[in-house]
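Chemist: Per our numbering, the sequence shown starts with residue 1, numbered consecutively.
Calculated from the structure, these hints are not laboratory results.
You may find that some hints are simply not true.
Capping the alpha-carbon separation at 30 Å, the derived lysine-lysine pairs in DSS-like fashion look like this [what the hints assert, rightly or not]:
{"#": "1", "residue 1": "K132", "residue 2": "K399"}
{"#": "2", "residue 1": "K388", "residue 2": "K319"}
{"#": "3", "residue 1": "K399", "residue 2": "K160"}
{"#": "4", "residue 1": "K312", "residue 2": "K107"}
{"#": "5", "residue 1": "K371", "residue 2": "K149"}
{"#": "6", "residue 1": "K367", "residue 2": "K57"}
{"#": "7", "residue 1": "K312", "residue 2": "K109"}
{"#": "8", "residue 1": "K319", "residue 2": "K131"}
{"#": "9", "residue 1": "K25", "residue 2": "K51"}
{"#": "10", "residue 1": "K57", "residue 2": "K312"}
{"#": "11", "residue 1": "K10", "residue 2": "K389"}
{"#": "12", "residue 1": "K280", "residue 2": "K312"}
{"#": "13", "residue 1": "K138", "residue 2": "K388"}
{"#": "14", "residue 1": "K389", "residue 2": "K399"}
{"#": "15", "residue 1": "K107", "residue 2": "K319"}
{"#": "16", "residue 1": "K3", "residue 2": "K312"}
Here the structure is a predicted model, which means the values were calculated and not measured.
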Amino acid sequence: MSKIIITAMKVKDHPCLVCALKEEKRVMEIRLAPVGQESVLGNIYVGQVEKVAENIKAAFVRFGNGETGYFPLEEAARVIYTSGRKRNAPLRAGDEILVQVSRDAMKGKLPALTSNLSFTGKYLVLTTGNKKFGLSAKLSGEERNRLSKWLEEESSRQDKEYGLVVRTNAGEASKEEILRELDYLQRLYQKTAVTGRSRTCFSLLYEAEPFYLNAIRDAYSRNIEEIVTDVPEVYHRISGYLKDFSPSQTEQLSLYEDNLLPLYKLHSLESALEEIQREKIWLSSGGFLVIQQTEAFVSIDVNSGKFTGKKKAEETYRKINLEAAQEIARQLRLRNLSGIILVDFINMENPDHRDELFHVLQKYLRKDSVKGKAVDITPLNILEMTRKKVRRPVIEDIKEL
Numbered sequence: 001m002s003k004i005i006i007t008a009m010k011v012k013d014h015p016c017l018v019c020a021l022k023e024e025k026r027v028m029e030i031r032l033a034p035v036g037q038e039s040v041l042g043n044i045y046v047g048q049v050e051k052v053a054e055n056i057k058a059a060f061v062r063f064g065n066g067e068t069g070y071f072p073l074e075e076a077a078r079v080i081y082t083s084g085r086k087r088n089a090p091l092r093a094g095d096e097i098l099v100q101v102s103r104d105a106m107k108g109k110l111p112a113l114t115s116n117l118s119f120t121g122k123y124l125v126l127t128t129g130n131k132k133f134g135l136s137a138k139l140s141g142e143e144r145n146r147l148s149k150w151l152e153e154e155s156s157r158q159d160k161e162y163g164l165v166v167r168t169n170a171g172e173a174s175k176e177e178i179l180r181e182l183d184y185l186q187r188l189y190q191k192t193a194v195t196g197r198s199r200t201c202f203s204l205l206y207e208a209e210p211f212y213l214n215a216i217r218d219a220y221s222r223n224i225e226e227i228v229t230d231v232p233e234v235y236h237r238i239s240g241y242l243k244d245f246s247p248s249q250t251e252q253l254s255l256y257e258d259n260l261l262p263l264y265k266l267h268s269l270e271s272a273l274e275e276i277q278r279e280k281i282w283l284s285s286g287g288f289l290v291i292q293q294t295e296a297f298v299s300i301d302v303n304s305g306k307f308t309g310k311k312k313a314e315e316t317y318r319k320i321n322l323e324a325a326q327e328i329a330r331q332l333r334l335r336n337l338s339g340i341i342l343v344d345f346i347n348m349e350n351p352d353h354r355d356e357l358f359h360v361l362q363k364y365l366r367k368d369s370v371k372g373k374a375v376d377i378t379p380l381n382i383l384e385m386t387r388k389k390v391r392r393p394v395i396e397d398i399k400e401l
């Protein structure tokens, strides 16, 4: 079972709002934002094309309060123009288009923009770019059949202007909850993607929810035991959100009011933030990980550490590697590492042990709400994997404080 903790605390002497997810008494994920500073991730704007760079197959689009974002030209075919612009004409400087911030600015890179506007609920995602109907692969066969029947009328419509994705959390929702959220997302789409075409350039058409509400929405609700905060205004905001979108979870929410023991100390959030800033992570087996973020990829080295014996070395290496696989999956979530990730596990001679390691890592990656995939083990015994880039790494948030 999991707990979600939202608290105010100082990080490097800066007041921050911190949201953490704990599973089995360990902090698995953590997000933070300086008080008074909001991310633009997920926001939808009327943007203006500043320049089309054919050589890098991208356009640079100005949005919001003078920010510039990176827009891939491959998305130009599904772009939504403001009123008066022909849809099938090539993208050019000066065009006003609807864009959504799909990725925060990272390491000097511009924010990424998309024309595939997504409106995410707890159970459904409505998208303007991909107009297909899809269901989460994590839903059981029985759940998929039931949900497909409930949404059959919507999925079979020939004239719809958007697509629909059914999320994992929908598996435990009632038909009434599903259809109520669908109606809400449809109204949001109409207000933003249809009426928004008549708004002035640089207008903010849709403001994404606070990051802590996104964390609650994206967590698998069947695993959530408690949502606790010691910030009264956050408590009231979450309470209103749950009443509107997930009434069954309202009893899980509580306001922590013990002034003697701060909430962040009770749940060891200071220790988790310190852990994120360390390259070396010890394993209970005596081995350790060395995690390094380079410009091009994340490097993770698994070491045998304190083990020096030769007897049953293969079995010892197997146990260290399996423990490392679990901890690596946790560290990726905790630090929010993404992109290309290369893992140098301890070499094992037995091919069955290598196959076991590969599949165990895949199992732990499936617990992550951010899509990750173990790709292959190279002849040099380097495991290649990827994790989708959404938010920037937590260490970057800490460094900017």
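Chemist: Going back to the hint list, which numbers does this structure go against?
Modeler: 1, 3, 4, 6, 7, 8, 9, 10, 15, 16
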